[in-house]
Amino acid sequence: MKPSSLSHYEAVVGSQVIHELRLLAGKLAGKKILHVNSTAVGGGVAEILNHMIPLFNELGVQTRWDVIKGGEEYYAVTKKIHNALHGNPEEFTAADRALFMETQEKNLKQLELREDIVFIHDPQPVGLVKRKEKYKNKWIWRCHVDVSSPQADVWEFLKGYVEAYDRSVFSSPAFSRKLSIPQALVCPSIDPLSDKNRELSAEEVDAVMNRLKIPRDKPLVTQVSRFDRLKDPVGVIQAFKGIRNYVDARLLLVGGSADDDPEGAEVLLEVKEAAGNDPDILVLLLPPTSHLEINAIQRASTVIVQKSLREGFGLTITEALWKGKPVIASAVGGIPLQIAHKYSGILTHSIEGTSYWLKQLLQEPEYAKKLGENGKEHVLHNFLLTRHVRDYLLLFLSLFYPNQSYVIL
Amino acid sequence: MKRAKYPFIFKAQLSLVEMTGVKAATLCQLRDHLKEVPESSVYYHTHHFLRQHQFASPEPPNDFAYWVTHALQEGVLGERLAAIDILQFMTLNDLRNAFIQAIDLSFKNGCDAKDLRVSPAGMEFHFLKCTIFTIPTAEIAYDLKEFVNCLKRISPNCLYNHVFESCLRPPYGVNDFSNWLATNLDEHDLARKIGRLDPYTQTMEGLRGKIIHLAEQRMRE
Chain A
1 MKPSSLSHYE AVVGSQVIHE LRLLAGKLAG KKILHVNSTA VGGGVAEILN
51 HMIPLFNELG VQTRWDVIKG GEEYYAVTKK IHNALHGNPE EFTAADRALF
101 METQEKNLKQ LELREDIVFI HDPQPVGLVK RKEKYKNKWI WRCHVDVSSP
151 QADVWEFLKG YVEAYDRSVF SSPAFSRKLS IPQALVCPSI DPLSDKNREL
201 SAEEVDAVMN RLKIPRDKPL VTQVSRFDRL KDPVGVIQAF KGIRNYVDAR
251 LLLVGGSADD DPEGAEVLLE VKEAAGNDPD ILVLLLPPTS HLEINAIQRA
301 STVIVQKSLR EGFGLTITEA LWKGKPVIAS AVGGIPLQIA HKYSGILTHS
351 IEGTSYWLKQ LLQEPEYAKK LGENGKEHVL HNFLLTRHVR DYLLLFLSLF
401 YPNQSYVIL
Chain B
1001 MKRAKYPFIF KAQLSLVEMT GVKAATLCQL RDHLKEVPES SVYYHTHHFL
1051 RQHQFASPEP PNDFAYWVTH ALQEGVLGER LAAIDILQFM TLNDLRNAFI
1101 QAIDLSFKNG CDAKDLRVSP AGMEFHFLKC TIFTIPTAEI AYDLKEFVNC
1151 LKRISPNCLY NHVFESCLRP PYGVNDFSNW LATNLDEHDL ARKIGRLDPY
1201 TQTMEGLRGK IIHLAEQRMR E
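Quick mapping for you: the protein sequence lines, in order, are chains A and B.
Number 248 in my numbering belongs to position 248 of the first sequence; there are no gaps in the numbering.
Number 1199 in my numbering belongs to position 199 of the second sequence; there are no gaps in the numbering.
Incorrect hints may appear among the rest.
Stated by the list, open to error - Label pairs and their computed distance ranges (CB to CB): (1) B/Ile1140 to A/Glu352: 53 to 63 Å; (2) B/Met1219 to A/Ser350: 53 to 63 Å; (3) A/Glu366 to B/His1048: 24 to 34 Å; (4) A/Lys218 to B/Arg1169: 19 to 29 Å; (5) A/Glu10 to B/Ile1140: 40 to 50 Å; (6) A/Lys218 to B/Ala1083: 15 to 25 Å; (7) A/Leu179 to B/Ala1083: 30 to 40 Å; (8) B/Ala1083 to A/Glu366: 22 to 32 Å.
Please keep in mind that the hints were generated in silico from the structure rather than gathered at the bench.
Owing to the predicted nature of the structure, the values given are computational and were not obtained by experimental measurement.
Note that beta-carbon positions come from the ideal geometry of N, C-alpha and C, so glycine has one too.
Go ahead and model the full structure; you've got the sequences and the hints to work with.
Structure below.
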């Protein structure tokens, strides 16, 4: 798909937002930026860079993107690092460290890294910062991973590299660590022009709902997430059962296919068992590329639930809010950054609380509508791709004004 | 119509949020850290909601009030913190002290009281701060008519800069619009009326509409 241009975004966010991006970009004239990560396709980082880099270049900030190379063994080590950063115990051996460092050295021989700003994404290429000494350029380390409770030895190993950077960037205050370098907070974003988020006509929504055979004769309560215990799908069913005596509604649990995930298949069985023969509880499996379908389902829903027990930033909530839907979500991970309780959605801590608020929102559609409107506005101003681009421009500028809390450009 | 010698140059204000690594799970911790965090953190937590929720009316309160109410479930103190009149304070340090004082007053049995609530896991208060950037826009006004036309076009970030942020810069307590109208166009009455608007209790667009209304009313006189 051809990348969208600034004029396309202007139609969504308004000319003032784009004008400010141009003003900021003008202050970076002549600077060259290099992004480095570990994969050109697949994964959230590659997706966001694919959308962003054309926008930076259109703004006049010369930006390019390199990908490091590593063999299968190297990626097995980085997978271990990834798991350990998430707090899942891994044995991180001396051989793993040696292979990690050796791969950094090999890539240093291949990559020049002399741009004014080198922007490294995630742990895989973190060791490239060694080159900073040669060119005295500015280096940023962007951590896309939840490192709120990492395995200590793995984090200490990485920290040695991270503290050589000029700036670090995290997605949520809860993910940050004690570091000797400044830590910026840059929340993730959604692309309002992607298939998952673009406006759909009523006919498009109807067509998808009919094709997927999802009846629309009752208010629809939906949770979109993979079948994972941390998303608590069984808890959602229990919360839904708690309102049945008072409200006539239908629950839809929609998630990715569980074929290649043994735990996912197990959770799916538990979900089906909890749903029993209730005709008002639907469980739907969709392929991971079903962006348009998810968009339509979210738009057709009356209330959207995200009852996660643990969550990263929670972009599925951002997507639901963007569609103007009232959202009930757990107060975990990055969710409280997106939902101010009773203003732009509802935050809950239990099955009972979720049940209570479901009943409230289904019975008070005017209040639910107001929450949905506020939620959409909140995303418009704070969690779209253009805000992400703006934060990165500010981040780049901040490198040239170290230790200043007030900068006049 | 009088033309100013020095034009009003509209400037947008944008901020990059940074983490301090400091967090609180109880009221005591909130108070103790509040004494030590940089002023830019006090500023962030008493102002960012205005921009993040610029569309909402009623707006959520400042971060301290919101956290005390929703994470600690301390409704009475939350209400008191929400009611702190930010406009009254000329410096961020004075504002900081007002919050500390309100928290101190709420301690009936001192800070070690066993019944002091702890926020649920994951809902701790993370102290953030921000680096503020101001950047001039192409919008420039020499007289009242141009001023109104610019006001209609500027971004919320620009409006924010001249109404909220300006009160914390010399001349303290005066917004940039009122200052320029009075000192460059001798529009003292209009400056006073704009200065009396409470920006903290209305949406950014509501505020823009009121300033434009007052200026247009003056032009018709």
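> Going back to the hint list, which numbers does this structure go against?
Replying inline: 4, 5 and 6
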